[in-house]
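A.B. asks: Using the sequences and the accompanying hints, generate a full structural model.
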Amino acid sequence: MSTHQARPLFEAAIVRRAIIDAFVKLDPRRMIRNPVMFVVEVGSAFTTALFVHAAVTGKGEAPAGFILAVSLCLWFTVLFANFAEAMAEGRGKAQADTLRKARKDVTAKRLAEPRREAAVEAVVSARLRQGDVVLVEAGDLIPGDGEVVEGVASVDESAITGESAPVIRESGGDRSAVTGGTRVLSDWLVVRITANPGETFLDRMISMVEGAKRQKTPNEIALDILLAGLTLIFLLATVTLLPYSMYAVSSAGRGSPVSLTVLVALLVCLIPTTIGGLLSAIGIAGMDRMIQANVIATSGRAVEAAGDVDVLLLDKTGTITLGNRQATAFLPAPGVTEAALVDAAQLSSLADETPEGRSIVVLAKKKLGLRGRDLHALGAKLVPFTAQTRMSGVDLDGRRIRKGSTDAIVRYVEGQGATVPAEVRRVVEDVSKKGSTPLVVAEGSRVLGVVELKDIVKGGIQERFAEMRRIGIRTVMITGDNPLTAAAIAAEAGVDDFLAEATPEAKLAMIRDYQQKGHLVAMTGDGTNDAPALAQADVAVSMNTGTQAAKEAGNMVDLDSNPTKLLSIVEIGKQMLMTRGALTTFSTANDVAKYFAIIPAAFAATYPSLGALNLMGLHSPTTAVLSAVIFNALIIIALIPLALRGIRYRPAPAPVLLRRNLLVYGLGGVVLPFPCIKVIDLGLTAMGVS
Amino acid sequence: MSANGVVQIVVFLGALVALAAPLGGYMGRVFAGEASWAQRVLGPLERGMYRLAGVRADEEMGWKRYAAALLLFNLAGALAVYGLQRVQQVLPVNPAGLGAVSPEVSFNTAVSFATNTNWQAYGGETTLSHLTQMLGLTVQNFVSAATGMAVLAALIRGFVRRTSEGIGSFWVDLTRSTLYVLLPLSLVLALALVSEGVVQTLSGQATAQLLDATTGADGKAVTQQVLALGPAASQVAIKQLGTNGGGFFNANSAHPFENPTAVSNFLQMLAILLIPAALCFTFGALVKDRRQGWVVLLAMLAIFVPLAFVTVGAEQAGNPVLASLGVDQAASALQAGGNMEGKEVRFGIVNSGLWAAVTTAASNGSVNAMHDSFTPLGGLVPMWLMQLGEVVFGGVGSGLYGMIAYAIVAVFVSGLMVGRTPEYLGKKIEAFEVKMASLVILLPAAAVLIGTAIACVVPVGTAPLGNPGAHGFSEVLYAFSSGANNNGSAFGGLTVSGVFYATAIGVCMLVGRYWVLIPVLAIAGSLARKKVVPAGAGTLPTHTPLFVVLLVGTVLLVGALTFVPALALGPIVEHLALSGALSGALSGALSGALSGQ
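These protein sequence lines are chains G and U, in that order. Start counting the first sequence at 1; every next residue gets the next number (UniProt numbering). Start counting the second sequence at 1; every next residue gets the next number (UniProt numbering).
Calculated from the structure, these hints are not laboratory results. Glycine included, every Cβ here is placed at the ideal spot set by N, Cα and C. A portion of the hints provided could be inaccurate.
[Said to hold, decoys possible] Using C-beta positions, here's what the derived DEER-type ranges look like: (1) Val11/U with Ala605/G: 46 to 52 Å; (2) Val188/U with Glu467/G: 54 to 60 Å; (3) Gln515/G with Arg51/U: 43 to 49 Å; (4) Arg659/G with Lys531/U: 26 to 32 Å.
C.D. replies: This is the structure we're talking about:
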């Protein structure tokens with residue numbers, strides 16, 4: 001699927017840069033965007049001030065060393081969270097650097113008129129404007145995004161797609177778009193520039209993967225609000241502990257009110273720092289996984305929507321079936337031997353360079369061992385396919401062999417006063433019903449039989465669709481075929497529905513219809529006529545080989561131009577949402593253990609009987625508080641790989657996913673901190689902390 | 001705890017569910033405006049009231065208009081109750097000749113009844129005239145309950161409707177709830193209570209000649225007892241059915257004229273939980289998926305039942321300190337056993353403990369025993385049930401809409417774990433809903449925590465405490481938990497008629513009612529505007545046992561995490577000190593915690 005090398009999770013260069021960035025990100029103006037971590041930063045600064053006060057005056061509310069230790073833990077919590085975000089961004093930046101190398105200034109050959117022969121003027125590519133026409137010859141870099149207006153050439157697009165095999169670009173049709181920074185390998189092109197410098201596809205891709213224009217996605221905003229709400233609740237729960245403990249002390253007549261340091265430690269332990277610290281990293285990593293799959297999403301919103309998609313519109317050709325139909329059977333007419341039919345079919349196809357024609361030759365060889373014959377040596381006259389006759393063939397030794405669509409051959413035969421046997425018509429119908437295309441072969445006025453051309457459904461696609469169905473996604477096949485053929489292929493591929501004889505208008509109407517019913521629709525497209533449907537779809541993946549209009553209308557571009565990738569895109573979207581949910585649950589569930597660590601420690605002096613809550617048997621109030629904050633910081637680091645890679649995704653129905661993830665991240669989140677905090681406490685005790 | 005106790009609780013729960021199911025279906029038809037027998041009988045009255053008030057029955061209000069109508073109506077009600085108390089001395093139907101109520105207590109009582117809290121800063125028969133009770137309190141008992149039901153009906157419409165601006169008409173919801181649900185049920189219950197001996201009269205007091213003369217505190221001989229009477233049964237019926245809880249008498253349902261027998265006790269407990277439980281079925285019926293209602297009911301029961309057993313169990317177990325002294329606290333044919341302090345002998349341990357759980361699970365707040373005298377664990381349960389936000393049954397309407405807010409949060413977090421942006425009952429849960437649901441959960445909790453914190457550090461807060469130490473802290477925490485969550489029950493031991501507590505708790509009641517109800521209406525409005533996402537294999541199912549677990553987990557986790565530190569300094573430390581005393585290792589802590597020395 002992708003020819004990119006998957007980046008290792010921790011690349012030394014990225015890690016180095018991320019460490020520096022983690023400090024840069026401490027700027028409170030940036031931190032305020034993340035309310036949870038902002039609270040931690042304020043807490044860190046506050047405890048630092050408490051430490052300075054204690055160290056200078058010697059009359060701190062707690063031993064200076066203890067305050068320092070807590071303060072350092074809190075600072076590390078913030079830094080770890082920043083590091084996670086920087087790591088996620090760093091991977092994108094590395095990708096952007098690669099892309100940026102492709103965006104060097106080149107000298108373009110600007111043409112005075114959109115003709116190859118027109119006068120050429122050398123201009124720096126940065127000064128090219130929309131509408132300029134340039135000539136690009138073999139070996140040249142294409143100076144900017146544009147539309148081929150003249151010529152055919154092979155182009156190396158590996159700088160963008162990573163795909164080393166060159167692609168053909170030509171004027172007219174759906175392969176006319178070229179991208180700046182790619183190189184013409186052979187021949188020449190006349191290109192009309194369609195984007196000003198700074199707005200090219202490459203520029204947009206770079207800013208996208210760098211996350212420069214990253215905005216929070218709707219779901220991220222909603223989660224942020226929830227986390228801010230939880231933070232407020234815990235802020236209140238901890239701040240009010242001070243007056244409560246003041247009352248307890250005055251009432252019990254002993255101990256001292258809970259120290260501010262412990263309160264801040266408790267606060268930071270309780271607020272959802274794990275998810276708060278990793279939330280943006282998860283989002284960026286989701287985009288990054290798209291990039292690893294060679295898909296560029298134009299917004300994080302699109303990635304999120306991909307997880308929600310429940311209807312996939314899939315083009316039959318290329319996605320569900322191999323691009324080309326292949327001959328699978330020779331069905332002779334009554335009174336004609338199979339050998340005669342095969343012989344005629346092969347002869348008429350020898351010069352036919354279309355994949356269908358070649359497949360007939362291959363099948364003939366396989367069936368009867370017929371070898372290829374040199375038509376020129378035989379003195380044959382080729383009759384090429386034309387849009388008018390809609391048939392092709394060969395004249396040889398007075399034999400006039402023709403093959404073509406049923407209609408065309410019927411017309412041809414009846415034009416000579418003959419009739420088509422009813423038996424043949426029946427065969428034709430049968431073949432159509434099976435979803436295959438009948439190709440009728442005639443010699444003179446006599447119909448010899450039918451060649452069945454079959455759409456070959458891609459291997460494994462049926463399982464893939466079954467998988468989709470299990471996770472609640474409906475697959476719809478879009479095809480230009482007639483309903484009969486479409487139904488047969490749909491049944492074979494195992495899609496849920498199909499749209500036959502699809503026109504761009506019908507596609508658009510279908511998308512709107514689904515959306516009206518509340519569904520979210522994803523589709524792929526490449527042609528200009530796909531643009532309206534792409535613009536309407538919730539997730540619209542345009543092929544990199546597609547036209548500029550298609551790319552503009554979509555919200556993702558697949559650099560590999562592989563329509564099957566829609567399925568992976570949906571998975572990546574789902575995985576991102578699941579990672580978010582799992583870590584939120586985990587983060588909240590963690591709090592239970594932290595309470596058991598800190599509450600007995602905080603009130604040890606006033607209410608020693610609360611020591612019964614010290615389930616973990618932590619060594620002392622000091623080690624208990626420190627263990628909890630250390631755990632709280634370390635868990636962020638420990639979960640960075642999970643945030644970047646995403647939690648394991650297996651396609652399964654929602655109840656199964658929920659049960660498993662709740663067990664792992666909910667129950668696991670409650671249980672895991674107990675042993676971890678205990679181990680940290682043992683370590684601290686061993687180091688002589690008391 | 002005894003087998004007899006278990007049987008009583010099981011019978012109670014069985015009766016509750018059996019009655020709630022048909023009532024829930026009936027209320028669903030009432031809110032949907034479908035013809036029912038009640039509408040045939042009372043329909044002319046309903047239509048007449050609309051004509052009189054100039055209300056169009058088919059009017060559709062947006063959520064803001066709905067909220068405005070509700071607030072204005074509640075404001076008018078509160079002002080009326082305030083006014084009645086301030087001038088009751090010049091008004092008729094005041095046989096005891098009671099004077100005007102103080103401004104702070106009047107404010108507190110007016111707010112208390114408008115918000116369906118029914119916290120008693122007043123003293124019932126010693127403060128309020130019959131007119132104030134009937135025209136002020138009883139009317140509010142009906143309409144504050146109907147207000148809660150109206151908001152719930154509007155929220156459910158938010159789920160059911162598609163791309164719609166309106167969430168129904170407040171006036172219609174209010175009228176129908178009162179006319180078709182609360183009035184008929186109250187009538188039936190009041191008659192049943194009268195048959196058990198609950199008083200219902202407009203005469204002032206009865207005087208009884210004592211058989212055995214005694215001496216009063218002032219040293220004079222006492223030969224007569226004055227018995228307060230009044231229209232109690234009618235008010236008791238709605239006080240329970242509407243989860244109001246404000247007693248006719250100061251002693252509330254511990255008073256023999258308000259709750260004379262075991263049967264009246266059983267009926268009243270049933271009445272407390274009946275409508276909140278039935279509304280779960282209404283919810284299921286209106287969203288056209290009964291399982292959704294069952295899930296919410298089961299989640300409530302899953303929290304309620306174990307906690308009820310904890311309370312009854314803790315009370316039955318009695319005081320470990322006494323046990324160590326060799327006192328027999330076991331239940332037997334001759335004694336109730338356990339901790340009988342502050343309990344009525346005619347109710348015993350089980351029906352006092354169960355009542356405490358019932359009245360605090362629902363935001364009722366009527367009491368038949370002194371919660372202050374419960375064991376620490378037995379007292380922790382009622383307190384915690386309120387702190388969970390009164391969503392385990394809760395107030396009529398308000399309990400379920402609070403629970404739905406929790407369900408929204410549960411769906412939001414766990415919905416992500418199935419790889420979709422979350423949806424509940426086909427509606428996408430987005431930033432706005434999360435923001436509003438967070439407010440619903442955050443604000444009452446904030447009011448409890450902040451109110452308690454202030455009371456802990458100001459002298460006017462600590463001075464009225466009946467007990468020092470951890471127990472005194474529990475009393476304050478209980479009072480604010482009760483006020484901010486619109487429960488209205490009192491732990492006792494705390495004098496709350498002073499300016500500080502009357503005002504502070506009054507403010508908490510306002511926060512806990514309206515800052516919850518308005519966000520809920522906002523959610524209703526936002527949901528009504530949305531399209532419905534069809535359910536598929538990828539949709540998070542919210543009708544399964546797993547979702548019950550999830551909902552319970554969310555309520556407990558948020559509730560526990562918010563209040564564990566505070567509870568640790570109150571009932572938990574008390575409990576640990578009590579049991580710690582047995583081992584003798586922490587005897588110092590015991591005296592510290594119990595006596596404050």
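A.B. asks: With reference to the structure, classify each hint as holding or not holding.
C.D. replies: Evaluation of the provided hints:
Distance hint for Val11/U and Ala605/G: a CB-CB separation of about 48 Å, consistent with the stated range 46 to 52 Å. At roughly 57 Å, the beta-carbon separation of Val188/U and Glu467/G lies within the given 54 to 60 Å, and the hint holds. The hinted range of 43 to 49 Å is satisfied by Gln515/G and Arg51/U, whose Cβ atoms lie roughly 44 Å apart. Restraint check, Arg659/G to Lys531/U: a C-beta distance of roughly 28 Å satisfies the suggested window 26 to 32 Å.
When held up to the earlier numbered hints, the structure conflicts with none and fits them all.
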